[in-house]
Amino acid sequence: MNQTESHTGDPRFFQRRGPFALCKVVKQLGLEIDLDTEHAQKNFIGVAPLHSAGPNEISFLDNRRYIDLLKETRAGAVIVAKAFADKVPEHSVALISKDPYQSWACVAQFFHPAAPSTGKIHPSAVISENAIIGNNVEISALAVIGDKVKIGDGCIIASHAVIETGVEIGANCRIGAHVTISHALLGERVVLYPGVRIGQDGFGFAVTPEGFETVPQLGRVILEDGVEIGSNTTIDRGSMKDTIIGAGSRIDNLVQIGHNVQMGRCCIVVSQAGISGSTTLEDFVTIAAQAGLIGHIHIGKKARVGAQCGVMSDVEAGSDVIGSPAMPFKEFFRNVATLRKLSRKS
Amino acid sequence: MNQTESHTGDPRFFQRRGPFALCKVVKQLGLEIDLDTEHAQKNFIGVAPLHSAGPNEISFLDNRRYIDLLKETRAGAVIVAKAFADKVPEHSVALISKDPYQSWACVAQFFHPAAPSTGKIHPSAVISENAIIGNNVEISALAVIGDKVKIGDGCIIASHAVIETGVEIGANCRIGAHVTISHALLGERVVLYPGVRIGQDGFGFAVTPEGFETVPQLGRVILEDGVEIGSNTTIDRGSMKDTIIGAGSRIDNLVQIGHNVQMGRCCIVVSQAGISGSTTLEDFVTIAAQAGLIGHIHIGKKARVGAQCGVMSDVEAGSDVIGSPAMPFKEFFRNVATLRKLSRKS
Amino acid sequence: MNQTESHTGDPRFFQRRGPFALCKVVKQLGLEIDLDTEHAQKNFIGVAPLHSAGPNEISFLDNRRYIDLLKETRAGAVIVAKAFADKVPEHSVALISKDPYQSWACVAQFFHPAAPSTGKIHPSAVISENAIIGNNVEISALAVIGDKVKIGDGCIIASHAVIETGVEIGANCRIGAHVTISHALLGERVVLYPGVRIGQDGFGFAVTPEGFETVPQLGRVILEDGVEIGSNTTIDRGSMKDTIIGAGSRIDNLVQIGHNVQMGRCCIVVSQAGISGSTTLEDFVTIAAQAGLIGHIHIGKKARVGAQCGVMSDVEAGSDVIGSPAMPFKEFFRNVATLRKLSRKS
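Chains as they are written, first to last, in numbering that gives the first Met the number 0: chain Y, 0 to 345; chain G, 0 to 345; chain H, 0 to 345.
No wet-lab data here; the hints were simulated from the structure.
Treat the hints with care, as some may be off.
[Stated by the list, open to error] Derived BS3-like pairs: lysine-lysine, alpha-carbon spacing no greater than 25 Å straight-line:
| # | chain 1 | residue 1 | chain 2 | residue 2 |
| --- | --- | --- | --- | --- |
| 1 | G | Lys81 | G | Lys26 |
| 2 | G | Lys23 | G | Lys41 |
| 3 | G | Lys344 | H | Lys149 |
| 4 | Y | Lys344 | H | Lys340 |
| 5 | Y | Lys340 | H | Lys340 |
| 6 | G | Lys344 | H | Lys344 |
| 7 | H | Lys149 | Y | Lys119 |
[As the list claims (entries may be wrong)] Far from chain G, by Cβ distances over 10 Å, these chain Y residues were calculated:
| # | residue |
| --- | --- |
| 8 | Arg16 |
| 9 | Glu31 |
| 10 | Lys41 |
| 11 | His50 |
| 12 | Asp61 |
| 13 | Arg64 |
| 14 | Glu89 |
| 15 | Ile95 |
| 16 | Thr117 |
| 17 | Gly165 |
| 18 | Gly210 |
| 19 | Ala316 |
| 20 | Ser323 |
| 21 | Arg343 |
In this text, a Cβ means the ideal position worked out from N, Cα and C, and glycines have one as well.
Model the full structure from these sequences, guided by the hints.
Below you can see the structure in the form of structure tokens.
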């Protein structure tokens, strides 16, 4: 196998549009840049990182850590913040953006738009005759669509997905391979990656002298518009009320969301974090990787919980916490320094 | 999508029995309560949480944190401990229970019993002709049942489950969608949620100068009666002896159980915890979320391991540990307080 | 269910060769041992652990912790290091090895070799007519093989595996049940356990005033020769360059590998660890269970990261770190001791 050369947009896996003249790209990005005629008409075939981009590819710099790569890039154009524009080599056009990473997202989508639904339903899919399937829905091989399921227009359901009885899915959702959904209502543009589990029973039981008595889990899971959920993440349905993931929130791989969790709009939950039952997150909360939150607590708006943090009580809006048990960032790093100093003395 | 109103027992997803007269409910719960005639005959249609229950629904209070909701509830009856009975509003009947949460489990099951097996085998399931399938077994679409598999009476096998060669499953088990089982023997009433992986090779290899040499994993997984295992949890088979999960134990989502782990009866393992190979847990051990145990250690009866705890050595029966490395609860919180005090001084 | 007796190599699940004369076993192990004639011709039927092995079974001792079992074993032969040879009971032949665990791997494989491909393709598998399937490939029930997929000679593809468009798999790979692979190139002898997710989008988006803008993930996943990946582990494809897992590396269950991670040869990543995007590991790095690495850092050759460690910066080659934030082992345990002492005083 000779595959050591890294590759952006390998045509075996990615569709590509273009080439596009640079002036068209700049217009697409909404940037106000005066290109001279020569540059404006030059054609570009795609995007690539600084170290591998060629003269007809566009690159970007977002992280100061990689500034040495900028100086040596062969890219024909580079999206940069104003502060770095003078570091762009002469043979390359500096495309100055207030938010280079957002511009990068935009230009990469321009060359490589997400494939739309083919509208085809594979004959091996098992679809209940009571299911209501919208227009232009793609359903791949061996997917299972249960009784009274509703699937909105333009959805893509990948191979082996299982959509259980009564589930409702809004328009233009993408449901990955091997996803399981039960007891749930999904808004529009929801994206579930492979192996996501939505709507199974929460971890609820009463302890009795004879063992454990299961408590029926009678709520649902609500995934609002634009929610995205990473591979093998698990979201349990509510016990009495619903588990709710607010519009636009992004959840990474292998995350656990317990029953009755209420998450606000545009929250971020990074991989392997866990949120215990009945905890609430207001809008714009960030939970970093491997953090854990106990149940029945409240995380205020725009609060940020650090990686591996163990949160045992409410977190105020706008605050940054880290450590286990959670404390303000400053206090945590002061503790680390203090203990190091004391250890050396002892 | 208009789904902000939370919903208990949405008929799209849950079957419901009843209505039932309150006297019948009280009898079902085994409570000794003298109801006056008017209350005894009043019909109830279901259960709901305090904040949304209506006059013909039953609710409960178990967590002191929610006592304000009790005072304002519209529920027709509320299950409470004796200590809170005087906080139940006048229009609501107080159903006094020694264990309100257990009574809640019982009443919720009464209105919403788990659906029994339909006894139907979907024609798309792929079933070996050498498999032995019991009476009244339900097998859903596209499940795969391997050679010489035995499935007991009354089992429910969901869509896309894969039961590999030789696996034996006792009566009345529920195997979720996308579950994989190999090299395993299951008792009765075992419940596996979607995406559970049972019986794959443990992480075993010898380090050699040329790389790693795989050690064949020649044991099995034994899941005793009544075990329940959460979504996407992985339980590796033993290397030489068996991996054993004791009767009645409850394991949450995304938990890792290594090869040769021996778990006693009625243990609890909360989400994202990990137990390394050859570690043993006696009966009634609790492992909280995201805790990790190294291999080859012994956890005594009724010990409790706190969230995110890192356990590097044996834990005595009945003790409570937390922290990484693990220490008694008291010591952990004293350490936290000491370090905070010293940091402020420095 | 009567299954308390633990069992090595249960014939319901494992194929077995033999019996073999001890001289043949010793030759297979490459050990230089002078057996007397009686021992040399004695037949052995298999392997078993010290506590359950019988007179015609071979066992081993690798961990000093189990030396008491050695003294009492009924095994007919025991693989041991020279230092323990005099602890082997008289009725048992001591098979002295410089690396008993490697010898154990070898003898267990001798009696229980991995089953080769049957070369059969199940009629229920859904295989694109543009896929290129090698010689002697086994494809189980309901697997899905996409357009232009290439599968090398001797591969085994288990039930319900989904191999998406364009994926290339080298010779003699084993792909477990319910695995999903997209945007990926696999070398030879790669082993993926059930529920592994390879090649889905990384967690990439730009934060905008209106919410999150998805950044197309245009790289691939490269799994080099001999890589093994545990159940329900997730490996995201690169954003612009590739995510690479180096030859011979072993990854355990429920691990998260972010986009653009570059892992060298023969690395070990234990269960529930997480490696964030764009971090690089040189050869022979070990990451213990539940450790977490932030993105964009570099871990030097042969470095070892302890369980639950939180790594926020580069780690030097050959060093051992633990704690959150990560520090040298010695410093960590000195800190623990210091804090305990100070707490007792206060």
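Consistency of the hints with the structure:
For the hint linking Lys81 of chain G to Lys26 of chain G, the alpha-carbon distance of about 18 Å falls within 25 Å, and the restraint holds. Of the pairs offered as hints, the one joining Lys23 of chain G and Lys41 of chain G holds, with about 10 Å between alpha carbons and a cut-off of 25 Å not exceeded. Of the pairs offered as hints, the one joining Lys344 of chain G and Lys149 of chain H is violated, with about 66 Å between alpha carbons and a cut-off of 25 Å exceeded. For the proposed pair Lys344 of chain Y and Lys340 of chain H, the alpha carbon gap of about 13 Å is at most 25 Å, so the pair holds.
Distance restraint check for Lys340 of chain Y and Lys340 of chain H: the Cα-Cα separation of roughly 14 Å lies within the 25 Å cut-off, and the hinted pair is therefore satisfied. Pair hint Lys344 of chain G plus Lys344 of chain H holds up; C-alpha atoms about 16 Å apart against a cutoff of 25 Å. Straight-line distance between C-alpha atoms of Lys149 of chain H and Lys119 of chain Y comes to about 24 Å, which keeps the hinted pair within the 25 Å bound. Once the 10 Å rule is applied to beta carbons, Arg16 of chain Y is consistent with being away from chain G; the minimum gap is 32 Å.
With 10 Å as the threshold on Cβ separation, the claim that Glu31 of chain Y sits away from chain G holds: the shortest Cβ distance comes to roughly 37 Å. Against chain G, the non-interface label of Lys41 of chain Y holds: every CB pair exceeds 10 Å, the least being about 45 Å. Distance check on His50 of chain Y: its Cβ is at least 30 Å (rounded) from any Cβ of chain G, clearing the 10 Å threshold; non-interface status holds. Listed as outside the interface, Asp61 of chain Y is consistent with that label: its C-beta sits roughly 31 Å from the nearest C-beta of chain G, beyond the 10 Å cut-off.
With a least beta-carbon separation of about 30 Å from chain G, Arg64 of chain Y lies farther than 10 Å from that chain, consistent with its non-interface assignment. Listed as a non-interface residue, Glu89 of chain Y keeps its Cβ farther than 10 Å from every Cβ of chain G; the least gap is roughly 48 Å. No beta-carbon of chain G comes within 10 Å of the beta-carbon of Ile95 of chain Y; the shortest separation is about 40 Å. With a least CB separation of 22 Å from chain G, Thr117 of chain Y remains clear of the 10 Å interface cut-off, as annotated.
Separation of Gly165 of chain Y from chain G is inadequate, the least Cβ-Cβ distance of about 4 Å not exceeding the 10 Å criterion. Non-interface call for Gly210 of chain Y relative to chain G: violated, since the shortest CB-CB distance, roughly 4 Å, does not exceed 10 Å. Ala316 of chain Y, annotated as away from the interface, keeps every beta carbon of chain G farther than 10 Å; the closest lies near 20 Å. For Ser323 of chain Y, the condition that its CB be more than 10 Å from all CB atoms of chain G is violated, with the nearest at approximately 5 Å.
At roughly 13 Å, the least C-beta separation between Arg343 of chain Y and chain G is larger than 10 Å, which holds for a residue marked as non-interface.
The structure does not agree with the numbered hints 3, 17, 18, 20 stated previously, though it agrees with the rest.
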